[in-house]
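Every letter in the sequence shown is one number past the one before it in full-length UniProt numbering, and letter 68, counting from 1, is 68.
Simulated from the structure, these hints should not be mistaken for lab results.
Some clues are possibly wrong.
[Unchecked claim] Label-pair distances were calculated between CB atoms; the ranges are:
#, residue 1, residue 2, range
1, M185, H438, 19 to 29 Å
2, V378, T63, 42 to 52 Å
3, T148, H438, 38 to 48 Å
4, W115, W398, 23 to 33 Å
5, P459, L341, 44 to 54 Å
6, Y423, G238, 23 to 33 Å
7, V414, H438, 25 to 35 Å
8, G393, G280, 45 to 55 Å
Cβ coordinates follow ideal geometry from the N, Cα and C atoms, glycine included.
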Amino acid sequence: MSKGAIAAWDICPLFRGIGCASTLINFLVNSYYTVILGWAFHFIFASFTIELPWTTCGNPWNTESCSSAETRTNSSNVTQLSRQHLLAVDPAAEYWENRVLRISSGIDHLGTVQWDLALCLLLAWIIIFLAICRGIKTSGKVMYFTATTPYLFMITLLIRTAQLEGASTGISYYLKPDWKKLADMTVWSDAGTQIFFSYAIGLGALTALGSYNRYHHNSVRDCLLFAGANTFTSLLAGFVIFATLGNMSYVSKVPIHLIAESGPGLAFIIYPKALGTMPGSPIWSFCFFTMIILLGIDSMFGGVEGFIAAISDYFPQMISNTWYRVSFVAATCIISYAIGLFMVTNGGMYIFQLFDYYSGSRIILLVTFMECVVIGYVYGWKRFADDMKSMYGFSLKWFCCFYLCIITPLFTMVLFIFSVIVYEELTYMRAVSPEPYHFPKWAVVLGWMMASSSLFLIPVVMIVELIRTPGSFIERLKYLCTPRLTQHNNCLNSPTLIDPENSDNREASPKDNREGDISTATFIQKN
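Please put together the full structure from these sequences, using the hints given.
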């Protein structure tokens, strides 16, 4: 069965809403994630100067409180200053908020669209469109470049930053564990959510990309390689970042824990500031932000392709020919770009934070929990194990039973409960303000509406499926909990065919027998 996130739930049509929820979360994430690429493009273009613009004061966007790091380090009590105060007068912070974002006082003051960021965002979406509009063959070739080139930049940056004074202090801080943090539920919740997003679990992207594999392709091996590569990449990026932060701590005489921060501030304030202190800083700045863009675009290929596959598989007429697919991909990119335009206004950062905090962080845990429960207990872990055996040639019954039915549902539910317990209303700490910005009540309500919209699809689709199916309530449940596809259970005994007319380049089964093609009345009579 080669299907996207929605049509894949033909294994249990009653719960097709789970696929719809994953697809909606994926769409929301794609819409705001690309804004980061727009910011990175801005910094790349700003790097084509002799002196980086965020390293000095005296520019039109600077305030009277702006002062360089050298001026601040002359203060005898600099180590007692708070991080907010240190950044409040830093030219990198003022460049980020007063030049790049031109940030307003709050979400209720959106202001106007920043044309330079809008063009950078448009450039990102044009690249994504050109890469995926013709299908996986085109984007797959591009991924060979976008997935490998960032490692060259990371290794180059690591070699350079490791030679800086204080780099060993930063790396030591990075590797030294703080065991007390293990008792903090917030750490577990944030780490778990990060893992889910890092692997694109529950977003439908892996389902879509996996649908392009041959039936007997060893996906287990791919999963192990994928996990290892992701872990290696995260560790490598950590060495690069904390070696740089260690140098910043050495130069500014400020403890490293006051310098390090998460979120956009790390990539667009702290690291650019560090790059500005290096000889040949424009070159290193160009390398760093090129790496950010390549990593981001590579992630977007999978995310957008996951959404395209989910919708087009459920409405196959959308990809009946190349022109229809190109038009559908273009419409998706245009709509996502229009949403992103709200995030490049003066108040766009507040909307970005709203999307980032509510659109999928804790909801994706609940969606994944439902996926495991339905596949493990409704579709049946034994049937799922038999499917995997027919694909890979070896049994994974113990894995399906233990992890799919027990460990993974328990793990995801515990993380979801932790995220609910430690939940705090969204705030945004501006780099040039000592006090956090508290979002108004209406914005919080809007955020929760956005979060619940994906979950709302699950019961809605369930009700629609029940209404569309004739028969008694029990007969409807029985029919909707029975897999619609039969060919996936006997593919081991059938030759694999490649359909030359398949625009998505997926495998075609020798005979596309669907139980859903027979009338519901016939099914009910048989049962």
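Which hint numbers doesn't this structure obey?
-> Per hint list: 2, 4, 5 violated.
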